[in-house]
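Going down the list, the sequences are from chains A and P. According to numbering that gives the first Met the number 0, the stretch in the first sequence is residues 0 to 227, in order. According to numbering that gives the first Met the number 0, the stretch in the second sequence is residues 0 to 305, in order.
Derived by calculation from the structure, the hints in this document are not laboratory data. In this text the structure is predicted, and so the values were computed from the model without any measurement. Built from N, CA and C at the ideal position, the CB exists for glycine as well. Careful: at least some of the hints might be erroneous.
List of simulated lysine to aspartate or glutamate pairs, DMTMM-like, C-alpha gap at most 20 angstroms [to be verified]:
#1 K301(P) x E136(A)
#2 K304(P) x E136(A)
#3 K304(P) x E70(A)
#4 K137(P) x E105(P)
#5 K10(P) x E104(A)
#6 K156(A) x D62(A)
#7 K23(P) x D135(A)
#8 K10(P) x E107(A)
#9 K23(P) x E180(A)
#10 K10(P) x E108(A)
#11 K92(A) x E210(P)
#12 K301(P) x E50(A)
#13 K23(P) x E104(A)
#14 K88(A) x E136(A)
#15 K92(A) x E20(P)
#16 K196(A) x E180(A)
#17 K196(A) x E162(A)
#18 K15(P) x E104(A)
#19 K15(P) x E107(A)
#20 K23(P) x E107(A)
#21 K15(P) x E97(A)
#22 K204(A) x E25(A)
#23 K15(P) x E108(A)
#24 K88(A) x E210(P)
#25 K52(A) x D64(A)
#26 K70(P) x E93(P)
Derived CB-CB ranges, DEER-like [as the list claims (entries may be wrong)]:
#27 F75(A) x L18(P): 22 to 28 angstroms
#28 Q154(A) x V33(P): 37 to 43 angstroms
#29 G165(A) x V33(P): 36 to 42 angstroms
#30 M118(A) x R27(P): 22 to 28 angstroms
#31 L184(P) x N61(A): 33 to 39 angstroms
#32 F49(P) x Q154(A): 54 to 60 angstroms
Here's a subset of chain P near chain A, in silico, CB distances under 8 angstroms, partners left out [what the hints assert, rightly or not]:
#33 R27
#34 L216
#35 V217
#36 A219
#37 K301
#38 L303
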Amino acid sequence: MINMTDVYKTYANGVTALNGIDINIEQGEFVYVVGPSGAGKSTFIRLIYREVKPTNGTIIINDTDLSTLKEKKVPFLRRDVGVIFQDFKLLPKLSVYENIAFALEVIEESPRNIRKRVMDVLELVGLKNKARFIPDELSGGEQQRVSIARAIVNQPKIVIADEPTGNLDPETSWGIMRVFEEINTRGTTIIMATHSKEIVNTVKKRVVAIEDGLIARDEHRGEYGYEA
Amino acid sequence: MTNIEVNTAMKLRTTKRHLREGLKNIFRNGWMTVAAVGAVTTTLLLVAAFLALMLNLNHMAGGLEEDVQIKALIDRTANEEQIQELGTTIEQIEGTESVAFSSSDEELNQLIEGMGEEGNTWQMFEQDNPLRHAYIVKATDPTDTEALASQINDLDNIQEVNYGQDVIHRLFQFNEYARTIGLVLIAGLVFTAIFLISNTIKLTIMARSREIGIMKLVGATNAFIRWPFFIEGMLHGVLGAIIPITVVLTGYYYLYNNLGDQITYSFVELLPFNPFAWQLSLIILLIGTFIGIWGSVMSVRKFLKV
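Using the sequences and the accompanying hints, generate a full structural model.
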């Protein structure tokens, strides 16, 4: 599913983010990525959807070797990898409905299917009555649920979330986690970078800790292990 | 349905989607649209005024040049056969467009007519015509007149060649300068227009670079992102051409009807409203569309490298 071998990443400004990562994640797993700020979590996440390229090493996602993936093919990789960001990254001028539909228009889905699937996914995240709103009219938690809806609407095999609850209050965070568990039980692989000790220690899953660009710990049903 | 049919159906659907999105963006981006369309309008107005001026000047100069002809006076001693032969020789010279024989009588009549009242005194020469037979020669390219005239002058039985030597030389030189300067100015203006407009459009797109980045993260191909911008840019160009075209059509209509009547000298004729004003409008529309598209496509290109 996701396989990294000996991955290094040094940015153009000389900062080394990853220092030899080896990891294998199977289909249907739920993985927390934890670690101190600046340890390489975000870089690790961004490698998966090819926003950054590794300096060295091989990354294989869904049988695709990213090192030989042509620039033109990158959009097709991203259609199989739904991404959720801390700052939501919604299109500000489009309504909730249009934002989610965009991910389906990109794959040239038929209008009838688009309608159906967008409404289904809005139901799943509990925003059916806000379809016509634009992002600015929603609360942070609602916006995050829209971005989750957009990430999962075309049923990707992998969903990646970079601190999805970072900007949300605890109550809303649990709502978001319920959505993640729901899509995970449907067989979607979920990789989530987080700083939330409470979530990691309560909803027990595989925990991968990254420190100084290396995997320091990799445990099933692990603990957060840092002071919050 | 076969695979191909499915594919074309998809393409059509997506094309419609791009058209719809491009149109919607015009409204979604309110003030940005106003800024871009305003820039197109201003520059197209300048281009239109300049083009109208240049093309009319060129037309006038061309009219003057068209009137240039060589009058080759034939030796009085030449007999009919020699005159005939001379005619065919001139015709065969490269760069000759037309050769017309004008007998001494015709020459005299023209002279009398051309002088009006005073011409009457010349009528007494009708019995004893002092003028010579002549060939009226036109060059295919008026600027070759001088060379052609000197070639004809070297032929046998030619007494003299007239083509308004001094004036012609200066006229052609002036026209050449005027045309070159006009061309350079128009090219410069269009270039400046493109630069200005693409800059304005770049600003409007820069504000949306974040959106472009998001689209890429969701898995949109570059073409998918580019098309609505292409449509939007084209609409900027078309919308920006509306006011300039209105100004061209009404302005030129009044100019032609009022000024055209006052100036009756044949050589300062304005180009007629129909078709000139329509042609100019079409050119303005095309330039507008082109710079609109060019401006947006070039600007989007920068942000697609995410």
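Hint by hint, here is what the structure shows:
no.	hint	verdict
1	K301(P) x E136(A)	violated, 31 angstroms
2	K304(P) x E136(A)	violated, 31 angstroms
3	K304(P) x E70(A)	holds, 10 angstroms
4	K137(P) x E105(P)	holds, 18 angstroms
5	K10(P) x E104(A)	holds, 11 angstroms
6	K156(A) x D62(A)	holds, 12 angstroms
7	K23(P) x D135(A)	holds, 19 angstroms
8	K10(P) x E107(A)	holds, 8 angstroms
9	K23(P) x E180(A)	violated, 37 angstroms
10	K10(P) x E108(A)	holds, 11 angstroms
11	K92(A) x E210(P)	holds, 9 angstroms
12	K301(P) x E50(A)	holds, 17 angstroms
13	K23(P) x E104(A)	holds, 16 angstroms
14	K88(A) x E136(A)	holds, 15 angstroms
15	K92(A) x E20(P)	holds, 12 angstroms
16	K196(A) x E180(A)	holds, 17 angstroms
17	K196(A) x E162(A)	holds, 12 angstroms
18	K15(P) x E104(A)	holds, 11 angstroms
19	K15(P) x E107(A)	holds, 11 angstroms
20	K23(P) x E107(A)	holds, 19 angstroms
21	K15(P) x E97(A)	holds, 16 angstroms
22	K204(A) x E25(A)	holds, 13 angstroms
23	K15(P) x E108(A)	holds, 13 angstroms
24	K88(A) x E210(P)	holds, 8 angstroms
25	K52(A) x D64(A)	holds, 12 angstroms
26	K70(P) x E93(P)	holds, 17 angstroms
27	F75(A) x L18(P): 22 to 28 angstroms	holds, 24 angstroms
28	Q154(A) x V33(P): 37 to 43 angstroms	holds, 41 angstroms
29	G165(A) x V33(P): 36 to 42 angstroms	holds, 38 angstroms
30	M118(A) x R27(P): 22 to 28 angstroms	holds, 23 angstroms
31	L184(P) x N61(A): 33 to 39 angstroms	violated, 59 angstroms
32	F49(P) x Q154(A): 54 to 60 angstroms	holds, 58 angstroms
33	R27	holds, 5 angstroms
34	L216	holds, 6 angstroms
35	V217	holds, 5 angstroms
36	A219	holds, 5 angstroms
37	K301	violated, 15 angstroms
38	L303	violated, 10 angstroms
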